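The primary structure of each chain is shown beneath.
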Amino acid sequence: DTGVSQDPRHKITKRGQNVTFRCDPISEHNRLYWYRQTLGQGPEFLTYFQNEAQLEKSRLLSDRFSAERPKGSFSTLEIQRTEQGDSAMYLCASSLLTSGRNIQYFGAGTRLSVL
Amino acid sequence: DQQVKQNSPSLSVQEGRISILNCDYTNSMFDYFLWYKKYPAEGPTFLISISSIKDKNEDGRFTVFLNKSAKHLSLHIVPSQPGDSAVYFCAARNNAGNMLTFGGGTRLMVKP
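Residue numbers (this note's numbering), protein chains in the order written: chain F, 927 to 1041; chain W, 2 to 113.
Pulled out of the complex, with its shape left as it was, chain F reads as follows (with noise of 0.2 angstroms):
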């Protein structure tokens, strides 16, 4: 089991440019999810996907943000014309829906730095 993976895991960037950001969960996870976290808190939820459902998208920041998970199994999280204060650590998690735990394992994030 390799974990949940993020690519890249940094992104610079100039204002008003579009990123795009991969997360591929442990398999077999058949929930994805996405949170931010900037510095000195806890990450925020996003939003999260079952299999390639996306089941709650009210928490996404704005419509510039956008999630998506084709296939039910990588995830790419794009942010469009981006600002400087979406400069933060996007993380991924997964977890297998189960009665009972259904433990979010969180991947090692991807920081995004707008210039």
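If you're looking for bench data, these hints aren't it; they were derived computationally from the structure.
Since no wrong hints were added, every one of them can be taken at face value.
Stretches of chain F that chain W covers, calculated by requiring three or more beta carbons in the stretch to come under 8 angstroms of a beta carbon on chain W:
1) 977-986
2) 1028-1041
Every beta carbon over 12 angstroms from chain F, so not counted as near; a handful from chain W, in silico:
3) Ser29
4) Lys57
5) His77
6) Val79
7) Ser86
A partial selection of chain W residues facing chain F, derived with a Cβ cut-off under 10 angstroms:
8) Gln7
9) Gly44
10) Pro45
11) Phe47
12) Ser52
13) Phe90
14) Cys91
15) Arg94
16) Asn99
17) Met100
18) Gly104
Every value quoted in this text rests on a predicted model; they were computed, and no experiment measured them.
C-beta: ideal position from N, C-alpha, C; glycine also.
Based on these hints, arrange chain W on the given structure of chain F.
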């Protein structure tokens, strides 16, 4: 509105002693609570959890206590080791079972 709060941003403990990290919550719909540990440049690592139907869960050196009436939980680490030095996050899950709501974290420093 912070639904999960960790009021101590940092804690320093001597090696071998007990570390107690605290967490308060406000939402009565939370039914499952988790502690994560985070080292620099890594993602949060799951440590221990507790269901709202229990008041204690123990795993080796780590014990989590839940006081539902006070909406308070705590993580006890005994004995503390220098390798435990990290940021600890308390998280709560609602009964829909999807999103986690995190506290702001407590930085634990265990001194040799």
